[in-house]
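With the hints as extra help, turn the sequences into a complete structure.
Chains as they are written, first to last, in this note's numbering: chain A, 1 to 245; chain B, 1 to 259.
Be aware that a few hints might be false.
To be verified - Dumping the calculated DSS-like pairs for lysine-lysine here, alpha-carbon to alpha-carbon at most 25 Å:
| hint | chain 1 | residue 1 | chain 2 | residue 2 |
| --- | --- | --- | --- | --- |
| 1 | A | Lys31 | B | Lys250 |
| 2 | A | Lys87 | B | Lys2 |
| 3 | B | Lys97 | A | Lys80 |
| 4 | A | Lys26 | B | Lys90 |
| 5 | A | Lys224 | B | Lys250 |
| 6 | B | Lys132 | B | Lys24 |
| 7 | A | Lys131 | B | Lys2 |
| 8 | A | Lys224 | B | Lys2 |
| 9 | B | Lys97 | A | Lys7 |
| 10 | A | Lys31 | A | Lys87 |
| 11 | B | Lys96 | A | Lys123 |
| 12 | B | Lys24 | A | Lys129 |
| 13 | B | Lys254 | A | Lys46 |
Everything labelled a hint here was simulated from the structure, so no lab data went into it.
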Amino acid sequence: MGNTVIKVDHVGMEFRLSSEKVDNLKEFIIKKIKRQLTYEGFWALKDVTFEVEEGDRVGILGLNGAGKSTLLKLIAGVMKPTEGTIKTKGRIVPLIELGAGFDNQYTGAENIYLYGAVLGYSKEFIKEKYKEIVEFSELGDFIHVPMKNYSSGMKARLGFSIATVVDPEILILDEVFAVGDAKFRKKSEKKIKSMFKDGVTVLFVSHNIEQVKRICNKAIVLEKGTLIASGNVEEISEFYEKKIK
Amino acid sequence: MKQAIRNFMKYRYLLSELIIKDIKLKYRRSYLGILWTLLEPLLTMLVLTVVFSQVYNRQDKLFPVYILTGRLLYSYFGNATKAAMKSIRKNGQMIKKVYVPKYIYPLASVISQYITFLISLIVLFVVSLVLKLQPTKYMIGAIVPLLILPVMVLGIGLILATLAVFFRDLEYLWGVVLMIIMYCSAIFYEPSRVVKNGYGWILDINPLYSLIINFRNTVIYGQPFDMQALTYSIVFSVASLIIGVWMFYKNQDKFILNI
Numbered sequence: 001m002g003n004t005v006i007k008v009d010h011v012g013m014e015f016r017l018s019s020e021k022v023d024n025l026k027e028f029i030i031k032k033i034k035r036q037l038t039y040e041g042f043w044a045l046k047d048v049t050f051e052v053e054e055g056d057r058v059g060i061l062g063l064n065g066a067g068k069s070t071l072l073k074l075i076a077g078v079m080k081p082t083e084g085t086i087k088t089k090g091r092i093v094p095l096i097e098l099g100a101g102f103d104n105q106y107t108g109a110e111n112i113y114l115y116g117a118v119l120g121y122s123k124e125f126i127k128e129k130y131k132e133i134v135e136f137s138e139l140g141d142f143i144h145v146p147m148k149n150y151s152s153g154m155k156a157r158l159g160f161s162i163a164t165v166v167d168p169e170i171l172i173l174d175e176v177f178a179v180g181d182a183k184f185r186k187k188s189e190k191k192i193k194s195m196f197k198d199g200v201t202v203l204f205v206s207h208n209i210e211q212v213k214r215i216c217n218k219a220i221v222l223e224k225g226t227l228i229a230s231g232n233v234e235e236i237s238e239f240y241e242k243k244i245k
Numbered sequence: 001m002k003q004a005i006r007n008f009m010k011y012r013y014l015l016s017e018l019i020i021k022d023i024k025l026k027y028r029r030s031y032l033g034i035l036w037t038l039l040e041p042l043l044t045m046l047v048l049t050v051v052f053s054q055v056y057n058r059q060d061k062l063f064p065v066y067i068l069t070g071r072l073l074y075s076y077f078g079n080a081t082k083a084a085m086k087s088i089r090k091n092g093q094m095i096k097k098v099y100v101p102k103y104i105y106p107l108a109s110v111i112s113q114y115i116t117f118l119i120s121l122i123v124l125f126v127v128s129l130v131l132k133l134q135p136t137k138y139m140i141g142a143i144v145p146l147l148i149l150p151v152m153v154l155g156i157g158l159i160l161a162t163l164a165v166f167f168r169d170l171e172y173l174w175g176v177v178l179m180i181i182m183y184c185s186a187i188f189y190e191p192s193r194v195v196k197n198g199y200g201w202i203l204d205i206n207p208l209y210s211l212i213i214n215f216r217n218t219v220i221y222g223q224p225f226d227m228q229a230l231t232y233s234i235v236f237s238v239a240s241l242i243i244g245v246w247m248f249y250k251n252q253d254k255f256i257l258n259i
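This is the structure:
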């Protein structure tokens, strides 16, 4: 069998919900003295264990608040789990929250370098791919205009173009098929599909079961932070459909 | 450790991009651009000189240089610690969404402020030339306090950045502390006045003043270092850097839950 590229081992993620959020020194000291500092733990994920092998395309299903986005953020390395470990192998391209890191005062061209740097690209690499990025984003002359004058669709297009210019080994998709207008959406879907051919590993979050079936070969289901099923996409989506009825 | 270095190498381009962005955006929308870096200290120097030479009736020809040496170091100290403190919250949106080593934000603020600080030293150079300050061999030693300063600022900046994530009102508190430090740094008065009244210890424990005194010794007075102040500034800087790195490292995974 193939290599394990993502290994999620007994992962739990606790968020602290203090009944009243204390975010300043004054209140902190007063409440500390009065012994009113109590926290309520909320486990967004609890004891989640699964493995993903190279080339697998895994759909993550679950209702709102099931912990899907938290799981993706943990795998992408944005957050660290409270419990357990996550091991990944290879370059991860998270297509979540495209364009986090854009600066509105910067022009599109400057933002290509900035966002590229945020994603960990080198300067030479961005220089080399600059033209490709601009072309794919279809921004034309707008690339030299400050980003504050961009529409949200234009930002998303540029973000998508920069994020997908590398060949990822692990691709994380959080319903980003809805980028830009219909024409660009088609183009971006094509681009992502072309990545599939190269044997990339995919994690895909969606509420659309049909879409998951079309794209994935495996699936997992999360419910209130725990993993309740995993396996073949056909079986799992059937199980999930029954469950939400 | 090895991995930390590799990670730094991977993101060093981001560090330079953030530094450039800081400097570029600061001056992009102003008509005089980077010239403000020079004009601002020059104008404050003029104001302070006029005010205090009237108040104290000073005849000292080099008084403007005296003010500038203190004032420039203090503004870097104040601006950079403030910028580092706010950097995590300011970049909160980014930190929440993509992985980047978080120390890069305070580090970039400290370095970008340092670059504008170095540019502003041109003012000191020009004013010294105009007022015919006698060059001495000790001037080369001015490099030493200028090198210790960013280490001290980074250490304090990391401590503040960590705390500011959890306590929002720290920004106001630090503003007050900075004001106290300013009045305790002998920027526009002679330290001898303070010492005479028995408050010399305030100057002695002020880490910023321990740098200002050696900067003045080398630049204005043509004297060797005040060794006690030099030792104090080095010990203070290294200690605050160690504490800062440790605090930041210990708490950085919790940042995302609080911004």
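Each hint, compared with the structure:
1. As the CA atoms of Lys31/A and Lys250/B are separated by approximately 24 Å, the hinted pair is consistent with the 25 Å bound.
2. Pair hint Lys87/A plus Lys2/B holds up; C-alpha atoms about 18 Å apart against a cutoff of 25 Å.
3. For the hint linking Lys97/B to Lys80/A, the alpha-carbon distance of about 13 Å falls within 25 Å, and the restraint holds.
4. For the hint pairing Lys26/A with Lys90/B, the CA-to-CA distance comes to about 22 Å; that is within 25 Å, so the pair holds.
5. Proximity of Lys224/A to Lys250/B is assessed by CA-CA distance (about 29 Å); at most 25 Å being required, the pair is judged violated.
6. A threshold of 25 Å between alpha carbons decides the hint, and for Lys132/B with Lys24/B the separation of about 34 Å lies outside it, so the pair is violated.
7. Restraint check for Lys131/A and Lys2/B: not satisfied, since their Cα atoms lie roughly 35 Å apart, outside the 25 Å limit.
8. With a C-alpha separation of about 38 Å, the suggested pairing of Lys224/A with Lys2/B is violated against the 25 Å cut-off.
9. Distance check on the hinted pair: Lys97/B and Lys7/A sit about 21 Å apart at the alpha-carbon level, within 25 Å; holds.
10. Taken as a hint, the Lys31/A and Lys87/A pair is broken in the structure, with Cα atoms around 39 Å apart against an allowance of 25 Å.
11. Note on Lys96/B and Lys123/A: the hinted pairing holds, with a Cα-Cα distance of about 24 Å set against a maximum of 25 Å.
12. With a C-alpha separation of about 24 Å, the suggested pair Lys24/B and Lys129/A falls inside the 25 Å cut-off, and the hint holds.
13. Straight-line distance between C-alpha atoms of Lys254/B and Lys46/A comes to about 18 Å, which keeps the hinted pair within the 25 Å bound.
Comparing the model with each earlier hint shows violations of hints 5, 6, 7, 8, 10; every other hint is respected.
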